[in-house]
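In the order they appear, the protein sequences are chains P and B. The first sequence maps to residues 4 to 755 in the numbering used here. The second sequence maps to residues 58 to 243 in the numbering used here.
It is worth saying that the hints were derived from the structure and are not from the lab. These numbers were taken from a predicted model, which means no experiment stands behind them. Wrong hints could be hidden among the right ones.
[Claimed, not checked] Within a straight-line C-alpha distance of at most 25 Å, the following computed DSS-like cross-link-like pairs (lysine-lysine) qualify: (1) P:LYS273 / P:LYS367; (2) P:LYS462 / B:LYS137; (3) P:LYS346 / P:LYS367; (4) B:LYS155 / P:LYS485; (5) P:LYS485 / B:LYS118; (6) P:LYS418 / P:LYS367; (7) P:LYS58 / P:LYS68; (8) P:LYS439 / P:LYS367; (9) P:LYS485 / P:LYS418; (10) P:LYS439 / B:LYS155; (11) B:LYS137 / B:LYS118.
[As the list claims (entries may be wrong)] Chain P regions said to be covered by chain B (calculated; three or more residues, Cβ under 8 Å): (12) 483-496; (13) 595-602; (14) 729-743.
Where is the CB? At the ideal position from N, CA and C, for every residue including glycine.
Each chain is listed here by its residues.
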Amino acid sequence: MRKIFAFYMLLGFGPLVFGQVTLSGAVLDSVTNEPMAQAIVVIDNHSLVTNRQGKFISPPLPLGKHTVSVSHVGCTTKFWQITIAGDTFINVYLPHHLHSFQEVVAYGHEHNQEPDARFIHTVSAKKLEHLAATNLSEALKNSNGVRFLRTGNTIAKPIINGMHSNRISVINDDSKQEGQQWGSEHAPEIDPLSAGSIELIKGASTLRYGGDAMGGVIRVLPATFSDSTYTRLSLIAKGETNPNGGHFGLKLERYAKELSLGQRFIVNMKRNGDAQAANYNLSNTAFGQLSGAYYAQLETGRHMFSATASAFVQQLGILSAAHIGNLTDLNRALASDTPLILKPFSYEIQAPSQRIQHYATKIKWNYESEPLGAINGSYTLQNNHRQEFDNHTGKNAAALDLNLVTQQINVFIDKHMQQYRWQYGLSGESQQNIFKGRYFIPNYQRYKTGIFAIATVEKEDYLIEAGLRYDLQKTTTYRYNKDILLEEQFDFDGFSANISGWKRLNQDLQLHLSAATRFRSPDINELFSNGLHHGSAALEFGDLTLTQERSFSVNSALNYNHNRLRFQVEPYFHYFENYIYLKPSGQKQLTIRGAFPVFNYVQTDATYVGSDLGMQYRIASQWTAELTAALVYVRDITNDTHIFGIPAQQATAMVRYTFAELLGVQNGNWKIGTEYTAKQNRIELNEDFSDSPSGYLLINTELGGQYKNTPLYFNFGVQNLLNTAYRDYMNRYRYYADDLGINFYLTLNYTF
Amino acid sequence: MNNRFLKPLMLATVASFTITFTGCKDDEVIAPPNENEEELITTVELTFENSSNSNDVRIFKFADPDGDGGNAPTQFDTIKLEANSTYNLGIRFLDESKSPVEDITEEVREEADEHLVCYTSAGNITTTITDQDGNNQALGLRATVATQATQQTNFMIRLKHQPGVKNGSCDVGETDVEVDFTLVIQ
Numbered sequence: 004m005r006k007i008f009a010f011y012m013l014l015g016f017g018p019l020v021f022g023q024v025t026l027s028g029a030v031l032d033s034v035t036n037e038p039m040a041q042a043i044v045v046i047d048n049h050s051l052v053t054n055r056q057g058k059f060i061s062p063p064l065p066l067g068k069h070t071v072s073v074s075h076v077g078c079t080t081k082f083w084q085i086t087i088a089g090d091t092f093i094n095v096y097l098p099h100h101l102h103s104f105q106e107v108v109a110y111g112h113e114h115n116q117e118p119d120a121r122f123i124h125t126v127s128a129k130k131l132e133h134l135a136a137t138n139l140s141e142a143l144k145n146s147n148g149v150r151f152l153r154t155g156n157t158i159a160k161p162i163i164n165g166m167h168s169n170r171i172s173v174i175n176d177d178s179k180q181e182g183q184q185w186g187s188e189h190a191p192e193i194d195p196l197s198a199g200s201i202e203l204i205k206g207a208s209t210l211r212y213g214g215d216a217m218g219g220v221i222r223v224l225p226a227t228f229s230d231s232t233y234t235r236l237s238l239i240a241k242g243e244t245n246p247n248g249g250h251f252g253l254k255l256e257r258y259a260k261e262l263s264l265g266q267r268f269i270v271n272m273k274r275n276g277d278a279q280a281a282n283y284n285l286s287n288t289a290f291g292q293l294s295g296a297y298y299a300q301l302e303t304g305r306h307m308f309s310a311t312a313s314a315f316v317q318q319l320g321i322l323s324a325a326h327i328g329n330l331t332d333l334n335r336a337l338a339s340d341t342p343l344i345l346k347p348f349s350y351e352i353q354a355p356s357q358r359i360q361h362y363a364t365k366i367k368w369n370y371e372s373e374p375l376g377a378i379n380g381s382y383t384l385q386n387n388h389r390q391e392f393d394n395h396t397g398k399n400a401a402a403l404d405l406n407l408v409t410q411q412i413n414v415f416i417d418k419h420m421q422q423y424r425w426q427y428g429l430s431g432e433s434q435q436n437i438f439k440g441r442y443f444i445p446n447y448q449r450y451k452t453g454i455f456a457i458a459t460v461e462k463e464d465y466l467i468e469a470g471l472r473y474d475l476q477k478t479t480t481y482r483y484n485k486d487i488l489l490e491e492q493f494d495f496d497g498f499s500a501n502i503s504g505w506k507r508l509n510q511d512l513q514l515h516l517s518a519a520t521r522f523r524s525p526d527i528n529e530l531f532s533n534g535l536h537h538g539s540a541a542l543e544f545g546d547l548t549l550t551q552e553r554s555f556s557v558n559s560a561l562n563y564n565h566n567r568l569r570f571q572v573e574p575y576f577h578y579f580e581n582y583i584y585l586k587p588s589g590q591k592q593l594t595i596r597g598a599f600p601v602f603n604y605v606q607t608d609a610t611y612v613g614s615d616l617g618m619q620y621r622i623a624s625q626w627t628a629e630l631t632a633a634l635v636y637v638r639d640i641t642n643d644t645h646i647f648g649i650p651a652q653q654a655t656a657m658v659r660y661t662f663a664e665l666l667g668v669q670n671g672n673w674k675i676g677t678e679y680t681a682k683q684n685r686i687e688l689n690e691d692f693s694d695s696p697s698g699y700l701l702i703n704t705e706l707g708g709q710y711k712n713t714p715l716y717f718n719f720g721v722q723n724l725l726n727t728a729y730r731d732y733m734n735r736y737r738y739y740a741d742d743l744g745i746n747f748y749l750t751l752n753y754t755f
Numbered sequence: 058m059n060n061r062f063l064k065p066l067m068l069a070t071v072a073s074f075t076i077t078f079t080g081c082k083d084d085e086v087i088a089p090p091n092e093n094e095e096e097l098i099t100t101v102e103l104t105f106e107n108s109s110n111s112n113d114v115r116i117f118k119f120a121d122p123d124g125d126g127g128n129a130p131t132q133f134d135t136i137k138l139e140a141n142s143t144y145n146l147g148i149r150f151l152d153e154s155k156s157p158v159e160d161i162t163e164e165v166r167e168e169a170d171e172h173l174v175c176y177t178s179a180g181n182i183t184t185t186i187t188d189q190d191g192n193n194q195a196l197g198l199r200a201t202v203a204t205q206a207t208q209q210t211n212f213m214i215r216l217k218h219q220p221g222v223k224n225g226s227c228d229v230g231e232t233d234v235e236v237d238f239t240l241v242i243q
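One chain only, chain P, in its complex shape (with noise of 0.2 Å):
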C-alpha cells in the first residue's frame, strides 16, 4: 500500500545556452530504485527509450514548458508538464511492482512538480473507478488515519486527526464545498467519479484552503486529460449484497488536441435496499443516489478556461429503531439487544428519512502571465437542499427544510523564481441559508472574505513554506421569537498563519514539520441551537455568546523507503483556545415528552495528541505485509475530563499477494486483512447513555485483476467475513442496532 505514483526531483540547473536547453534523466522503479530499461518517455513530440541504466536524454528543447510523458509495459502511463529554466536532470520514479489496484499515497512535493510543503495522500482517478465510490467516504476508505463518524450504513463523515464536520473543510478544486456541514448526520455531497484524483492534507500545512480546517483538508481536483487526441469511456458497476444493491457509473472523457479541447462527463447511479446486520435486518435504511457532472477545458494561447455544473441527489432511510421520541424509548432500545422495529428486508424508503439534494456550477479561468506568474480566477455557484421527514408529516412535506444558496469567488496567483516559489489570493464568498417547517437554525445572510499569502524556498534536500492568512465573516441571522423579527449581527476575523516543510535526512528518510496557528468562528448550531434534538434524545442549547476557537498546532510525518521496508509516522498535536463542543450538562429537563439530557455548547480548552502509522514490507517477491495504526488521544484540559465523541483506536494488518498471471487475471491482487477498533475507554461516568461498545475484530479480502489482456478490471470481495456482530463509537446508530454483517461485492470496470 501507499506507493509512490511517480514522482521525480530536480538535481540541477544547468547553464543556459541560447535558449536551447536539455531534459535528461533515469526511470527508476519507485520500490528497488534499479533503473528501468525500454520505457518510453515523450517530450512534446519526441519519442525516446531508455537505455540499460533507465537513462534518456532529449534533443535540444526551447526553454519553458514542456509536457513529458513515461511510460512502461506493466506502469500506468504518467504525464506531466515541466517547466524548464536550463539543462536538467530528472529522476522519474514509475510504479512497476505495482499495480493500478492499489491505494496511491504520495507526500506533496513528490507527487506534484509544484513544490510545495502540504502532506497530501492522493487517490488517483484510476483507483476511484476500481472502488466504485459512490461517495467522498467510500473513495477514502483506505486511506490510513481517516476514519469516518457514521449514521449507519448511508452517512458517513470522514475524520481527520480525530476531528470532522465543522473541522475539516472539503474544496472543490479551489472553493469549499458548502453543505449543512454543521450536522453529524449530514455526509458531504459530492461524487467522487467526478474528480480527477482526491488529495487528502492532513492537518494545517497549507492556509490556502481558508484557515478553520484544523483537522485537515480533503480536496476534489477536476479531471487532467492526456495530451492527445482521444475518445474515452469507462463503465463501472458494483453489485454487492449488503447492503442488496448495485451501482452503476459512466465516464466519457474526450480531448481535442488540435482545439486543446477536453470534456468530461459522468454520472452514476446508486440503489440498495435495507442492510443487514449480523443477525437482523436494519429496518428503512435503503438508500438512492443519482449524481452527474460534467466538465469542459479550453486552452488558447496562456489563456485557460473550464466549467462545470454537477447534480447530486440522495435519499435515503434513516433506521427506524432509531427515530425515538423520548428518553424512555432511548432506555427500552438500550436494553434491547434487537431493534424495537424489525421489519422484513424492503427496498422502499420510508420515513424517517432525508433528501438531499446539491448542485454546483463553476466557471475558471486560468492565465499564464510573464510577470505575475499564474492567474487563477473563478466563480463557484452552489445550492445545497437537505429535507428530512419524520413520522409525523410523512413524505409530503419535510420536518427539516434547509436551502443554502452559496456564491463564491477565488483570485489565486501563484509565481515560480528559479527556487522560490509566492502564492496569494483573495476568497470572498456570499451565502444565505432559508429554512422552512421546523425551526433548527435561523436563516442567515452571510458574507466572508479571506487573503493569503504563501512563500516558498526550495532547496535541493529541503523546502521550507511560510504562509499568513487573514479571514473576516460578517453573518446576519433572522428569526422570530414570540411573534418579533430579531435580527443579529455576528462578526468574526482573525489571523492564520503557518510554517511547514520537508527536509530529506538521506536517500531514504524524509522528515516533513508544520506549525500552525488558526481560528474558526462558531457555526450557526453551535451559536442557535435551542431545544430537542429529535433522535438522539437530548435537549441542546446553543450559546449564543460563543467566541472564535483558535488552535495551536504541529503536524509531522517521518516516510521512510528503502528496498523491502517503507513506513510513515505521522505525529501531531493540536492545543485549542476556546475549543467548542456538546458537553453533556448531567442535568434533567421536563418536557411534555419526559425529561431529557440536557447538552450545552461550552467552550474549554483541549488538546488532541494522535499518530498515523503505516508500514509495508516485501516479505517475499510477491507478498506484502502492511501494517497500520490510528491513536488519538483528546483532553478537556480546563476541565480536566475527556471530550465526547472521539474516535477509539483502530489498527489493521494485511497480507497481499500480488500475480503478474493466473487463470486468466493478470495483474491480479489478492489481499486478507484484519481491522480491529478498541473500546473507547476514554469517556466520562455517565455522560452518555449507555457504555461505550466493546472493540471488535473484522476480517476483509478482495481479489483483484484485469481480465486476460482486456481493458477489464474487476474487484471481488469480502467485507465482514465472519459475520461478527458489533457496534462502533462512532456510528450513531449504536444506542440501537449492530452494524453491518457479512458482505459479498463485486466491482466491474471496463474502459473503451
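Following the hints, position chain B against chain P.
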C-alpha cells in the same frame, strides 16, 4: 499584526461583495417562517367525570406553553379522585403556543390507526380504553378509570405515534407525549 489596516480593506471587499450579490438577496432570507408548522403539543388536559354523579367533573392539566426547552412547565396538577369510584376519562392534547389555541386531539382522532394513548399506574386502579380506531384496535382518547382504596400513586399518560406498526402494544412507535402525574385517591 496590523489589524487596523487590514480590517478596513477586508470590509471594503465585503462591501463590494455585498453590492455584487445584493441582487440575489432574497426577501425570503429576512422573512423566516414565524408559525411553527409542526404539530406541537404543549398541554395535556384530563377530564374525569364521575359515572355515578355527572356534576362531579374534575379537570387536571400539564402545560408547557413554550414547548420543549425554554421555560419550565407552567402547570402540572396533582390528580385527585374519590376512592371506590368509577370515572369516565376524556383526554385532550392542545397547542397553547398558538393563538387561538389549537386542539391537536382532532388530528390524533383523524389518524386513529397510527396513534395509541396508554394509561399506566403503579397503584390499585383499573383503566379500560373504551374507544377504537378503524381497525378495531384501542385508541385511548376515552377510557374508564375505576379506583379502590385511598392511596397516593402515579398515573402516566403516553401518546404513541405508531404509523404502520400499531399492534395494541405501547412499546412500539415514537413517544409524542409522556406525562407522569401524581395521583391521590382520597
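Open item on the list: Would the hint linking LYS346 (chain P) and LYS367 (chain P) be met if the CA-CA limit is 25 Å?
Closed with: Answer violated: LYS346 (chain P) to LYS367 (chain P) is near 50 Å, above 25 Å.
Open item on the list: With the threshold set at 25 Å, check whether the alpha-carbon distance from LYS485 (chain P) to LYS418 (chain P) stays at or below it.
Closed with: Not satisfied, since the Cα-Cα distance of roughly 56 Å exceeds 25 Å.
Open item on the list: For a C-alpha distance cap of 25 Å, please report whether LYS439 (chain P) and LYS155 (chain B) respect it.
Closed with: holds, 18 Å
- [ ] Take a quick look at whether LYS273 (chain P) and LYS367 (chain P) sit within 25 Å of each other, Cα to Cα.
- [x] Cα-Cα ~30 Å, so violated.
Open item on the list: Hinted pair, alpha-carbon criterion (25 Å max): LYS155 (chain B), LYS485 (chain P). Please report holds or violated.
Closed with: Holds. LYS155 (chain B) to LYS485 (chain P) sits at ~10 Å (cutoff 25 Å).
- [ ] Given the hint that LYS485 (chain P) pairs with LYS118 (chain B), test it: the Cα-Cα distance must not exceed 25 Å.
- [x] holds, 23 Å
Open item on the list: Check the hint pairing LYS462 (chain P) with LYS137 (chain B) against an upper bound of 25 Å on the C-alpha distance.
Closed with: violated, 87 Å
Open item on the list: Please verify whether LYS58 (chain P) and LYS68 (chain P) have alpha carbons no more than 25 Å apart.
Closed with: Holds, at roughly 21 Å.
TODO: Mind taking a look at whether chain B covers the segment 595-602 of chain P? Criterion is 3 or more residues with CB to CB distance under 8 Å.
DONE: holds (count 4)
TODO: Tell me if chain B covers the segment 729-743 of chain P under the three-residue, 8 Å CB rule, please?
DONE: Result for this restraint: violated, n = 0.
- [ ] Apply the coverage criterion to the segment 483-496 of chain P and chain B: a residue qualifies when its Cβ sits closer than 8 Å to a Cβ of the chain, and three qualifying residues are needed.
- [x] With 5 residues in contact (Cβ-Cβ under 8 Å with chain B), the coverage given for the segment 483-496 of chain P holds.
TODO: Would you check the hint for LYS137 (chain B) and LYS118 (chain B), treating anything up to 25 Å between C-alpha atoms as holding?
DONE: holds, 12 Å
Going down the numbered hints, you'll see the structure goes against 1, 2, 3, 8, 9 and 14, while the others check out.
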